[in-house]
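Participant: This is what each chain is made of:
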Amino acid sequence: MSRRVVITGLGAVSAAGVGVKEFWRAVRDGVSGVDWITRFDASQFTCRVAGEARTFDPRQFMSDKLAVTTNRFTQLGLAATRMAYDDAGLAHVPGVSRFPVCFGSSTAAAPEFQTEIEQFADGGASRISPSVIVEHIGSAVTNRIAAEFKLTGQTMALASGCTSALDVIQWAWGQIGSGRTAGALGGGADSPLSSVIQATWSALGSLSRWPGPPSQALRPFDAASTGTVLGEAGAAFVLEEYEHALARGAPIYAEVLGHGNGNAGLQSRTPEPMATAASLEAALRSALRAANLDVSEIDYISSHGGGVPKQDRGETAAYKAVFGRRAYNIPISSIKPPTGNTFSAGGALQVVAACFTLAEQFLPPTANLDVPDSLCDLDYVPHRGRMGRVNQLLIATRGIGPTYSAVVLAHPPTPKRRASP
Amino acid sequence: MSLMEIPDLEDRVKQILTNRLGMSAAEITPDSRLVDDLGMDSLDAVELAIATERQFGLSISDEQVAKLVTVADIMKLVQQLTAERGSA
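Line order of the protein sequences matches chains A and B. So that you can map any letter, position 4 of the first sequence is 4 in our numbering, and since no number is skipped, the others follow by simple counting. One gets our numbering by counting positions in the second sequence from 1 and adding 421 to each.
Treat the hints as calculated values from the structure; they're not laboratory data. None of the values given here were measured: they were computed from a predicted structure. Mixed in with the good hints there might be a few duds.
[As the list claims (entries may be wrong)] Mimicking DSSO-like on lysine-lysine, the simulated pairs with C-alpha atoms at most 27 Å apart in a straight line are:
#1 B:K488 / A:K65
#2 A:K310 / A:K320
#3 A:K150 / A:K65
#4 B:K497 / A:K65
Starting from the given sequences, assemble the full structure and let the hints guide the process.
Facilitator: What follows is the structure in structure tokens.
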């Protein structure tokens, strides 16, 4: 197996805007879409801010009927897929109907399910709609995408938390690498904005208690950071076999060189930040191994950087463990401040931003990083982005556990062929 | 048994259809056929029945749902069941 896998289409919907260009502009300029919560009554919470995709109108991307019958996470995923599908020019590609689709979602239709449970508590079984199970399960998004784009390939849904979207890449890489398909649609979609989920994260002690403006509440690696901020988003990508993309003259954003994951922190029962450090270190090492790259060949890291201090410190420790002294010379950024922590969609948004980083050779900033935490002393590209040579980059995402997944992307054409998947 | 006057019957039925099918009420007439014109599928039919039951405080059987062809049929069924309930 020596098939190479490339990314040929992108789509994104989030608090940072609708469409990949709006998203990238916000990420590049470090502009935050986090604002006061309007989706539910947040008055009982210390954290009253979130990343709501307020400019998203589902009817621009789907039929009126789908816009009223599907749930928010499905709409976000469907809209992002529409963008990626069009971006890659798939409508005229022979055989596209056999492409599989795989999406990650952590909370699926949790906000809508909360409403159903409240109605059930209020009026019993007679108040429950038969559409609940059809639209609330995690695979609702992939089922709807398959139906909308008339895809007869496998429909697959992953639920490995915030690492899901990178795990989608691993899955598709295996499908394409083994010759089972010439391409695949993938991504992540989550809309965790509900009072129950806010209460859960509040109880975990993981939400920001920032007293200032909402746009500054999510502060990865900052000494004043007190936690993360939740957000909703959908992001999608088209993965394609390199020769197939080349033959049809498709735009190629990046080549996928490798994927790795790690759960060492889960195994060792160590406290934070060591648990995060152990899992991320394992994920980084396995991704580099899969990509057949040396630590000296990574030019940039898109980190999870969720703003939970112990986790940000753990990530920093892992980068030092893997890259040694070179860790201080690798620009690292978190693109979470513009969108909030969007769970499974987050990794897919990182993939979108990474493709633009490669295309424009521009390193996006970590917004809101005023004074670094004393244990976070690497180059996080604070506040302002800058130009930088990037041939190969790493993307890391953290799932509850902690588990980590990492993906290596490269500028096309690649200076070095990857190992087979 | 006489058919009763139900306030805003047509608008309320149209609202039920709008909520489920997404089109505007202006696109729906009493003559609209549920499957052929409005694109209703089997799950929509179940949702329609439940929403109609809730809206008008009725109980509709599966057989009655299966016989519905047009929007006017829903209105007639609501009138009929409301009258039966009133005379019971």
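Participant: Taking the hints in turn, state whether each one holds.
Facilitator: Tested hints:
no., hint, verdict
1, B:K488 / A:K65, "holds, 23 Å"
2, A:K310 / A:K320, "holds, 16 Å"
3, A:K150 / A:K65, "holds, 17 Å"
4, B:K497 / A:K65, "holds, 25 Å"
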